[in-house]
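S.K.: As given, the protein sequences belong to chains A and B, one line each in that order.
Each residue of the first sequence is one higher than the last, beginning at 1460 in the numbering used here.
Each residue of the second sequence is one higher than the last, beginning at 1460 in the numbering used here.
No wet-lab data here; the hints were simulated from the structure.
A quick note: this is a predicted structure, and the numbers were derived from the prediction, not measured.
Be a bit skeptical, because a hint or two may be false.
Identical copies look the same in the list; a pair holds intra-copy or inter-copy alike.
Unchecked claim - Capping the alpha-carbon separation at 25 angstroms, the derived lysine to any residue pairs in SDA-like fashion look like this:
(1) K1891 x R1765
(2) K1874 x P1950
(3) K1797 x R1786
(4) K1874 x R1765
(5) K1874 x R1519
(6) K1797 x E1493
Protein chains: 2
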Amino acid sequence: MNISPHGRLTRGASSLQHYLEALLSDLQGMTGGEVASYIPELTRANPEDLGIALVMADGRIYQAGAATTEATIQSVSKPFMYGAALARHGRDHVLGKVGVEPTGERFNSIILDEENNRPFNPMVNAGAIATAALLTEDSPEAGEAQMLSLFSRLAGRPLRIDPEVFRSEHETGHRNRAIAWMMLNSAMIEPAPDLVLDLYFKQCSVLVSCTDLALMAATLAMQGTNPVTGEQIFAPGVTQDVLSVMTTCGMYDYAGQWLYDVGLPAKSGVSGMIMAVTPGQMGLAVYSPRLDAVGNSVRGIEVCRRFARDHGLHACTSAPDPEGAVRRVYSAREVPSKHQRSAAERAALEAGAGGCHVVEVQGPLYFAAAEMAAHRAIGLAAQGGTVIVDFARAGSIDRAATALLSQLPGAVADKGCQLHFTETAAAPHGAKLLAALEALPGGMPEGLLRHATTDSAIEACEEAVLAAAGVTGPGDSFRLAGLDIFRGIAPGHIPLLESAAATLSYAPGERIITAGEEARAFYVVARGCVNITVPTASGGTRRISSAGPGQTFGEMAMLDGGRRSANAEAQGPVMCHVFSIAQLQELGAQHPAILTAILGNLARDLSDRLRLANEMIHSFG
Amino acid sequence: MNISPHGRLTRGASSLQHYLEALLSDLQGMTGGEVASYIPELTRANPEDLGIALVMADGRIYQAGAATTEATIQSVSKPFMYGAALARHGRDHVLGKVGVEPTGERFNSIILDEENNRPFNPMVNAGAIATAALLTEDSPEAGEAQMLSLFSRLAGRPLRIDPEVFRSEHETGHRNRAIAWMMLNSAMIEPAPDLVLDLYFKQCSVLVSCTDLALMAATLAMQGTNPVTGEQIFAPGVTQDVLSVMTTCGMYDYAGQWLYDVGLPAKSGVSGMIMAVTPGQMGLAVYSPRLDAVGNSVRGIEVCRRFARDHGLHACTSAPDPEGAVRRVYSAREVPSKHQRSAAERAALEAGAGGCHVVEVQGPLYFAAAEMAAHRAIGLAAQGGTVIVDFARAGSIDRAATALLSQLPGAVADKGCQLHFTETAAAPHGAKLLAALEALPGGMPEGLLRHATTDSAIEACEEAVLAAAGVTGPGDSFRLAGLDIFRGIAPGHIPLLESAAATLSYAPGERIITAGEEARAFYVVARGCVNITVPTASGGTRRISSAGPGQTFGEMAMLDGGRRSANAEAQGPVMCHVFSIAQLQELGAQHPAILTAILGNLARDLSDRLRLANEMIHSFG
């Protein structure tokens, strides 16, 4: 017995594990049906075996019972061969050779769609043989190697053919041989029937456990990407077609009843294997050898039915929540940029920064989710100003979402508004979105990506508001007495302060303060902008604040003279007034009012910033 | 012409609006097919008319072209009547009377499922007549009134029958009459065929626009709740069954091809109407009178096919993103409670609070999403301590999620961990979850809901950590000299401070400070706990911080003596030392070192709190 080697087995006291074990024990007593007996090898299966396996979207595996017991894959091979044919020949060619209609006849029916000169669908034997014909190579070895390679990549481990079963199938498959010759007679297939049947019997004789099948099913669920190995095995369009055919033709010959009762694409085989797929969520497989009159595993059907019902997996039940796609909407007034502002600037922004709005999207952006995001963005554009769509928390972005979002710049521009898409680098499918924007008739709308981060986009909006309000900061000719940090100091004391300051220049990007250094001075920016950054876990830095002309940094040195907790870096050319802590303390000893005033101003500023931070924390709620 | 009255029309420069208009203009030149002519009234339709309407999950409407032009609903009435029959008689009874299999025959075929003595499905005429029989009343008026009431509630406006069409259908419906008599002959129906056919002809003669149909379709998409009126018209189980039948039997007689190509549940009528449903996302309807040989609107089919393809709506393509269900996972060390802590307490928590973890879930909790949340919670439980699942941002919680989450307490307890579910009151479906927990074999697990908020659950964990570390705060016998706010004050000055303080007691819940009051004192808690709260938009208050023995509040009065920005309330019985600002300032004038020390301590404390707040803001990212 071969255990799937990926070693990501989820055992232990999970709810779902309990559920599977309870289900297994419920069904142990269900003894209806008979083990397939048309070849002797199948009769050797233990009729009591019952195994269930689930593979989740991230590759985690649940198992219960005989989940690693191997049996031949039989007809469960058909959807994968159909996928291979679609991938090799394209949809139109394959549709010309095999239809997609349920027949209402037995799986081994010899009835063919004579109107269209093709078998009805690839899940009945005739259609599967026609599909194998599309994949038949000149030598039996080459066909076998390609088929085994595909199945092994789907199962995430090397699979092999059971030679006994293959020999039996080959020796007793008279009916299938008849079907193949009849199709050759009608020119439905082209290669020699012997080569086609060799491949067909081999594909049915591959040994799998239901854990293997659950992973193969999960690969169909995840649009062709194996969630354990990460390999993209089928294109998404191929899995859509495979799952469609499984939905209508995979199980019973009664398409309507299966969709009505279970509502999942599925496929069964006469060895007692069944696999079912929940698109985007998981693959499920069951092994139990006793079959009903139609040839489906009795307990396998019951597991699918109950699992789907108990977990709301029916295709017509899915309830996405498009409104959840917009995580929050806020204005620059509620969450300002990290550019530190003076009291006068803050007041001007309080009054004017409402015209800059951020729409934070989250989760997978599919049709209705992207429509909701676009709707919110367009609604905000009606208020004028700037709209920022922040993609930092976006999940997958599908084609529909890409199309809707790529038309958003035009819609927002129609309202006379600016639009920025920010944090696209963080979005897993951001690159696809950007490519779609490039491909727009007029090319990428100018300015759409001007700001990589939401912080810098908001900062630019704030600068515009301040410029419009005529609040431009003190420029490079401010007076020390006018600085927030020196507020309330007697005019007579100002010259004393001036004498304590040195003026220093820094080149763009130059480090002014480094975290960990001893703190011996505080700084007033005279010209330019200084970014305060902290080291990140990944070895880079992240801006937590910035200071412009007339603003201070490093002032915590006043309190303890300990070590710096952050870096300060010149953004462009920068000039600073630097105050030595030692000199200031000396000054304070002689004139306590100077020290009291500075400490009071410092506490007031910290208090303002704490209030802003708390408001920001609340706005996340 | 009657315009839908709900007045939530979305027009303007949205991307989707552009898309619809472009699609409309693309298809104007598509002139294949013929207007239905079996009764004279239908031939009067304008063959050039083309209307498209969409209704989104939140009831917003998109329209293009002849979206408000009325025509008779014809066979698009069938799914709604089927839903009404399921609602009235239950699934088993209805399945006994009408099957769910596609026929492969024309819609007006007289072939019946003789093996099961029922018509094949409710979307062909025979099945629709059998369905109408299940809804037939003793008088034609009563049947009509019930049917019209149902359709009107689905469309969100009063609908009416076109008397001319009804008369023509009634006079020329010989084939349907034959079907009804044949079914009576086989006892497939029971009421008098005349009454049944009266209802059937009336249901087909109701006038609707495609905007009406889009809303009716959206009601099926939203599990039976009309997204404009909010009325729950069908139970979710009923819409699942209706949509299943629409998927396999609604359109072509070729179930496989429709699911393969379009992949949406849909229904067409001979007036040229088609509606299609994307579960959980939207309803789509098209009106264009020219029909193909099968009786479906030529341009209607093309709109459905292109819309589904362009927006990734195929049932086998959906790509949920279960990993997105866990918004973030953090420990109490990263985001502590709002209980204000002394430096010693903070140090103890820094060392010990890692054993308390919060799993914040977000968005709709369906099977794979809830499984992911449970998986993360169980993983954290393996680290020991306490696991908190925060439901504040959860969307819908379906039955599968409820089942998985209700088993989580047991799974976490198995690992020797405590579990709390918090913020359930904020979750739209929290009540359903709680009911499922109550229904567990052993009842609601003890302690699971002990804390309503994540803040208080974290606070309790912190208290446990502090108790274990022996850091219990100064109790009620601390010395003023040991308080953070008086750190660094010369021992000789302490008696001066003591003389400036008064000691006051407060009853549980008593207001100590009210926001907006003049600030004339600051407070040191001597005994008990004081909550700092701010008013919320909804008229309540929200805790932003708390202070225990030896901690201060209202200290900002030291800086400006302005107005209070927050409330302070006694949590239980509280005793405080109250320092008058006026007295302290007098003291500071005589002894500047006292003032300098207090201001420095205040700034240091603010700086610490600002750092924590910034870390918290970053951890949201």
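S.K.: Next, verify each hint and record whether it holds.
M.R.: For each hint, the structure was consulted:
1. K1891 x R1765: between (39 angstroms within a copy, 21 angstroms between copies)
2. K1874 x P1950: Answer is neither: 52 angstroms inside a copy and 68 angstroms across each miss the 25 angstroms cutoff.
3. K1797 x R1786: both (21 angstroms within a copy, 24 angstroms between copies)
4. K1874 x R1765: neither (52 angstroms within a copy, 29 angstroms between copies)
5. K1874 x R1519: between (47 angstroms within a copy, 20 angstroms between copies)
6. K1797 x E1493: neither (71 angstroms within a copy, 65 angstroms between copies)
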